[in-house]
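Participant: So the sequences go chain by chain: A and B.
For the first sequence, position 63 (counting from the first letter as 1) is numbered 63 according to the numbering used here, and the numbering increases by one without interruption.
For the second sequence, position 63 (counting from the first letter as 1) is numbered 63 according to the numbering used here, and the numbering increases by one without interruption.
Hint data in this document are derived by calculation from the structure and do not stem from the laboratory.
Note that CB positions come from ideal geometry on N, CA and C, so glycine has one too.
Check the hints yourself; a few may be wrong.
According to the in silico footprint, chain B covers these stretches of chain A (three or more CB under 8 angstroms from chain B) [unchecked claim]:
#, segment
1, 68-75
2, 157-170
Chain B stretches covered by chain A per the calculated footprint, using a threshold of three residues with CB under 8 angstroms from any CB of chain A [to be verified]:
#, segment
3, 163-169
4, 201-215
2 protein chains.
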Amino acid sequence: MSSPEQSGATERTAVVLLSGGLDSATTLAVAASEGYQCHTLAVDYGQRHRSELEAAARVSQSLGAVSHRVVRADLRAIGGSALTDESIAVPETASNGIPVTYVPARNTFLLSLALGHAEVLGALDLFIGVNAVDYSGYPDCRPQFIAAFAELCRVATRAGVEGAEFAIHTPLIHLSKGDIIRTGDRLGVDYAMTVSCYQADAEGRACGRCDSCRLRREGFDQAGLPDPTRYQS
Amino acid sequence: MSSPEQSGATERTAVVLLSGGLDSATTLAVAASEGYQCHTLAVDYGQRHRSELEAAARVSQSLGAVSHRVVRADLRAIGGSALTDESIAVPETASNGIPVTYVPARNTFLLSLALGHAEVLGALDLFIGVNAVDYSGYPDCRPQFIAAFAELCRVATRAGVEGAEFAIHTPLIHLSKGDIIRTGDRLGVDYAMTVSCYQADAEGRACGRCDSCRLRREGFDQAGLPDPTRYQS
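Build the full structure now, drawing on both the sequences and the hints.
Facilitator: Here it is, written out as structure tokens:
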């Protein structure tokens with residue numbers, strides 16, 4: 001491949017998945033603090049909270065990423081989640097087991113795009129802000145999923161066939177929401193830029209009632225930091 | 001999940017990736033011949049040959065699939081292949097190594113969508129028409145890639161966590177192009193419906209010169225069957 005971007009790739013080039021939410025912003029800050037040249041990738045998969053995508057672009061720029069791309073992919077064609085199927089309501093009470101906001105095979109899909117982007121760039125490091133503590137209901141946020149994806153990279157790619165080792169970095173995987181926020185705060189993340197709400201309005205203001213809003217608010221409480229979130233009311 | 005389609009899922013429900021080309025049409029015919037209720041999935045990833053997508057819909061219907069979906073995903077945002085980046089020419093001579101028509105992480109991406117669709121349907125069987133003989137230059141067409149993806153399914157999904165075993169079926173993986181065509185011909189595939197060309201025109205007529213056209217024509221020769229392909233000249 002002869003992409004002009006590839007010629008600038010180094011061992012410290014990384015692809016960072018960025019949703020515009022709190023976790024992925026913190027992940028980008030961690031990657032940058034470790035010296036990676038970060039190329040951020042946001043995926044518009046038909047989720048309801050499009051204001052997150054605008055947040056992703058702002059966060060990417062504010063944390064010094066080298067490039068930011070958006071891949072559009074309409075997962076509404078397969079549905080199956082409150083985030084991609086308008087006939088399924090976003091819950092406003094805590095749920096047991098895997099919640100309806102789970103998007104089938106979402107992280108497999110997101111990492112496949114990150115892997116494709118990494119191949120084009122000549123990068124071997126992928127960062128994803130999964131968390132196995134607060135979101136333990138999602139099967140594809142667990143360490144065993146990440147390990148299996150890393151193994152897949154080894155056999156799925158040109159670089160892997162040639163012996164290169166990919167690394168899937170999950171710096172948040174064992175952190176509580178409070179610890180994530182403390183980490184990002186220390187690294188200069190402006191959380192006022194981020195949108196976590198599953199049903200944010202067009203201006204990115206949060207509902208304050210969904211699971212994601214609740215976890216985020218509790219996180220600021222745990223961290224002992226003021227919550228900069230803009231709420232709808 | 002409460003999709004109405006899920007209630008009709010059986011142990012013999014399968015998701016079949018369908019490109020509109022010769023290989024995936026044959027794969028669908030094999031799945032149907034084995035008794036699977038087939039849900040076909042085509043992915044419009046910004047490839048140049050959009051007439052393939054129309055071919056996929058025709059093939060799905062003609063071979064009795066239960067449903068057909070199209071997921072749109074714009075891989076042009078990451079580029080890196082002659083199929084998704086207009087600045088890279090489709091080659092018309094045979095190449096050594098991995099060809100420029102290789103789309104980075106394509107089969108990881110396609111299988112992630114098939115897996116998501118399977119989760120929504122409650123299906124455990126995925127079919128993909130990869131082939132390790134004629135396309136040995138693509139890393140994600142090899143048996144070790146398929147095995148790694150099957151392992152990933154086990155840890156990536158709700159059903160896997162609950163102990164279900166996914167199977168990734170690759171009925172063509174070790175067949176020559178001639179054997180693929182003989183198999184499909186025996187199962188009633190109408191190859192005149194399919195489009196393999198990397199640069200087919202709007203009516204689905206093939207260029208006759210690209211790698212894919214060459215392999216297809218040689219396949220009909222090997223099979224001893226007339227080539228029903230419509231060529232541009």
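Participant: Of the hints given before, which are not true for this structure?
Facilitator: 3 and 4
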